Each structure stands twice: as structure tokens, then as C-alpha cells.
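Work the whole structure out from these sequences, hints included.
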Amino acid sequence: VTLISYRWAVLRRAGRYGWAEYRNTFPSSVVIGLMLPRVAFQMAFLTFVGGLASPDGQRFAFVGAGVQALSLAAVVYAGIDVSRERYDGTAVQIRLSRTSMALVRLAHSLAYIAVGLVFSVVGTLVVGVALGYGELSLRLVALLPLYAIAAVSMLPFGLAVATLARTELVTVLVNLANAVLLVFGGIVVPLSHLGPLAAVSHLLPGVNVLLALRAAVDGVPFGGLVLAECGVAVLWTALLVVADLVVAARVRRGVGGRGDGG
Amino acid sequence: VSRTAAGTSATGTRPAVPVGSVAGILGRSAQLQIREFLRRPLGVVVAIVQPAALVLLVVLVAPDQPPEVQAQRVAGVGLLGVWATSVWSAGMMLAQDRSEGTLSAVLLCTRRPFTVLMGRSIGGAVAGILAILISIAATLAVIGELGSRTSTALLLLLPLAVLSSTAIGSLVASLFIRSRSAGRIAEVLLYPVFVGSGVLLPLDLFPGWVQPLARVLPLYWADQVLRAGASGEFAVGATAVLVAMSGGYALAGAWIFRRVVAASRERGDLDLL
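Chains A and B supply the protein sequences, listed in that same order. Quick note on numbering: the first sequence equals residues 2 to 263 in the working numbering. Quick note on numbering: the second sequence equals residues 179 to 451 in the working numbering.
Treat the hints as calculated values from the structure; they're not laboratory data. Here the structure is a predicted model, which means the values were calculated and not measured. Misleading hints may appear alongside valid ones.
Pulled a few chain B residues facing chain A out of the computed Cβ check, cut under 10 Å [as the list claims (entries may be wrong)]:
id	residue
1	ARG218
2	VAL223
3	VAL224
4	ILE226
5	LEU232
6	LEU234
7	VAL236
8	LEU238
9	PRO241
10	ASP242
11	ARG251
A virtual CB, placed ideally from N, CA and C, is assigned to each residue, including glycine.
Shown next, in the form of C-alpha cells:
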């Protein structure tokens, strides 16, 4: 019991540090003045790209763009945090603690789930009103718990990619992972256009939630899709733990210039 | 004469460019920036990952479009990539100098620092645009959509893109000198142009007031040249506007750069920003 309470305290502290670091890295003025406008324009751009196919394609992409906004925070920014830990030398300290590094990283990165949700909600409302999807955007925002599930699923995905990457390549690989979600995640391109790859796409985080969101908007039952997304979240969390074990083994062999396999 | 452009000697190597050779300074600065590009992962993201993803998006989202429409859209992605790489490269080059402590050396060197900046913008443009072209060609080859129309359009893009990208890069870098949030500013500058430049998305999707805004961007005119070239014509007027506009942007960049640097030198806060 003592160990469990100790670990719980560690994770709570990691969450608080993560939030403090996030606030330090991205001050409110930068978030409001630069990042939220970027997210809104990015969502508008993706929505219009969907419109290159048809008006229905534009509406389809608008829903997808809201999920893509989550990925910016939960995959890209959270992943880049891993390289920052290595550069700062704190990754080694976390690895030497008694609490699982994967859990500490997840707790530390919870801030990015909150940030992703803010990106998604604000972007959906602003772009929705601007492009004539006001009513649709309100219905989507009412489904916020689904977005939260998608963000929870994306976080271990981004962290696993970043954990396995060499430090210098973390930025490239988390952006590549984000691009994979964008192209193969049903955001703008319907899964039916992907041929045999569509089956694999269901293992990507956020894809099943996106299908659930579209089903919910169309009044179709979506419970199974939410369960599938929870399964994907568990899968990626397990892969994060495995990635962490791989890096731990690499560290024990003395591979990696920064003492954490990177 | 053994002195050199200080901005190019941050690595401590033996001076090689004689003072007075503007072409030499431009060349050395461009070389330095190309090395930086190859060394920095962000350049790979902007010039390789993002264009490849966008090509896949525009091709896969409407696979039944005629080949000439697809080719035009892919070329449009190339132009958007040029904009992205110009803004990123420009935004980050001085930010990196600041973080590595070489900003003062660049700005207080014996030759005009704007010449160094122009050289670096040229280097960033050349490296970025070559990477974009390779990325797009490789992506099209993988998905089997590499047609002659696209190839022609992409080759035509090259000189125009280097010209406009250098001009934009020098202007944007001048604006970023005093900012600690250059990366975030670069991010926010990307997508409005992606949306409203008329390069990929038709301008008739937007309200009428967007169209004059698109026309102040070199990208818009580069796109006009490309569209004419795709149908076998040479758009003299659009090319002239593009060249003139690029020159205007470069001059504006030089003016802003001089003002910002002079202000920072007066305050003595170059290394405190």
C-alpha cells in the first residue's frame, strides 16, 4: 500500500510538473495569439481540401479536422517533450525512479490532452461558424467525451514513437506520425479510398472515434466504435510500455549518447 | 586580405571569402544555410514530410479527377511547400543564431549583415525546394501518378520558387529578429496563405475581399505562371509581376532589417532578447 500511494503521489507530481512545464513553454499569450489561430486556419484548410472532392467531402473533412487538432497536441507537442527531457538530462532521472517511466510520461503529458481538447473545441466552433457548419459544430462539441477518448488514445501513440526515436529524430518522427494520422486516419480522405490499408487504419488512434463522431452526427449507433477506440488506446499504451522496455535495454547496453537511448 | 564575412565564420574555420566579394558572401552564407538545413530535423518535416502528406491528401481525396487537374493540384502543393519552407527557414535561422550565441556576430560583422541574410535565404530556398521536389516526385512515383504534366510543372516551378522564396525569407527573417516565438509565428503564418493564396484552393470559394489579398503574394503569381506553362504558354505579365514583387519584398526586408538591427544596437539588447 505504501508503494502504491508513493507511486500515486509521483504520478500526481509528474502531472503537475507537466502542466507547469507546458505553461512555461507555451505562455497564454502565445497559445491565444498564435497557436489557436494556427489551429483554426489549419482546420479550415483541411476542410477546404476535403471540399476539393465534393461539398459532402468538405463536411466530412470538417469533422475530421477537429480530431486532427487533437493530434497536434497529443502526438506532436507531447512527443517533442520526450526529446526535451533527454536534452535536459531529466529522462535518466525518471528512468532510475521506482515508478514505471511509461506511466510517468503519460502523467507528465496529461496537459497535452487538455490542450488538444481546447484546440479541438475552439477550432470546431470558430471554423464551424465561419464556414456555415454552426449547428454541426455545436453537436460535435456536445460529444466532447469522444474527443477526450481520442486524445487519450493518441497520447501513448505519440509517446511510443518519440520513445523509440533517437533524440535528434524525435521531431521528424512525431511529425511523420501526425502525417500518417492525417493521411490514413480518415480525417480528409475516406477510408474507402485507401483500399487494403483501410483495415490497418483502424489500429491508428482516433480513427474509430472519428467514425463514431460521424455516426453520432448521422444518428447511427456508435457504441461499438467507442469500445474499439478504447481497445486501440490500451494497445498503444501497451506498445508504449514495450517501447520503454526496449529503450531500457538499449540504455543498459550503453547505446545512446544521452543516457536514455537517444 | 584575410578577413571574412563574420556571419559565415561562426564555425571558427579559416576565413576564405575576401572582403568586398558580395557573391562570395552570398555563396558562403548559402552554403552555411544548406548545411544547417541538412543538420536540422525541422527542415525535413517542412520540406519532405508535409509536402508528401499533402500530395497524398489531394490525390486520394478525389482520385477520379482528370490528370491535368491532379497535376495542377500537385504543383500547387509544391508552391505551398515553398511558402512553408521559406517561412520556417527564415524564422528559424536567426532564432538558432540567438540560441547558439552567434546572432551578434552575424549582425555586427564587417560586411552588410543583410547580404549574409540574403545568402542564407538563398541557401534555405535552394535546399528546401530541392527537398520538396524530391519528396513530391517520390510520393507520386510510389502512388503511380507521376505524369509528364506534373513533371513539367514541377521543373518550371524551380527558378520561380527560388526567387520568390528568397524574397519572402529575407522579409520574414527581418520581422523575426526580435521575437522569441519565431517558431510559433511561422506556424501561424503558414495556413492563412495555404487557405487564401488561390494556389491549391480556388479563390471563388472565398468572399471577394480575399482575392486582392492573394494578389499581394508572390505565390499567387508563381501559380499563374505555372498554370499558363501547363497549357504551353508563357505568362509574361505574371512573370514580370512575380519578379517585381519579389524585388519589392527583398527591398522591404532590407529596410525592416536595417531598422530593427539599428534599434537593437542602440538599446544594446541584441543578446538579451
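Tested hints:
The interface hint given for ARG218 of chain B holds, since its Cβ lies 9 Å from the closest Cβ of chain A, which is under the 10 Å cut-off. The interface hint given for VAL223 of chain B holds, since its Cβ lies 4 Å from the closest Cβ of chain A, which is under the 10 Å cut-off. At about 9 Å, the closest approach between the beta carbon of VAL224 of chain B and any beta carbon in chain A falls short of 10 Å, and the interface hint on this residue holds. Of the supplied interface hints, the one on ILE226 of chain B holds, with its beta-carbon coming within about 9 Å of a beta-carbon of chain A, less than 10 Å.
At about 8 Å, the closest approach between the beta carbon of LEU232 of chain B and any beta carbon in chain A falls short of 10 Å, and the interface hint on this residue holds. For LEU234 of chain B, the suggested interface contact is upheld, since its CB lies about 5 Å from the closest CB of chain A, less than 10 Å. For VAL236 of chain B, the suggested interface contact is upheld, since its CB lies about 6 Å from the closest CB of chain A, less than 10 Å. Interface hint status for LEU238 of chain B: upheld, as the beta-carbon distance to the closest one in chain A is roughly 4 Å, under 10 Å.
Using the Cβ-Cβ criterion of 10 Å, the hint placing PRO241 of chain B at the interface with chain A is satisfied: the shortest such distance is roughly 6 Å. With 10 Å as the threshold, the beta carbon of ASP242 of chain B comes within range of chain A, its nearest partner Cβ sitting at about 9 Å, so the hint holds. A distance limit of 10 Å between C-beta atoms decides the matter here; for ARG251 of chain B the minimum to chain A is near 7 Å, and the interface restraint holds.
Checked against the numbered hints listed earlier, the structure breaks none of them; every hint is satisfied.
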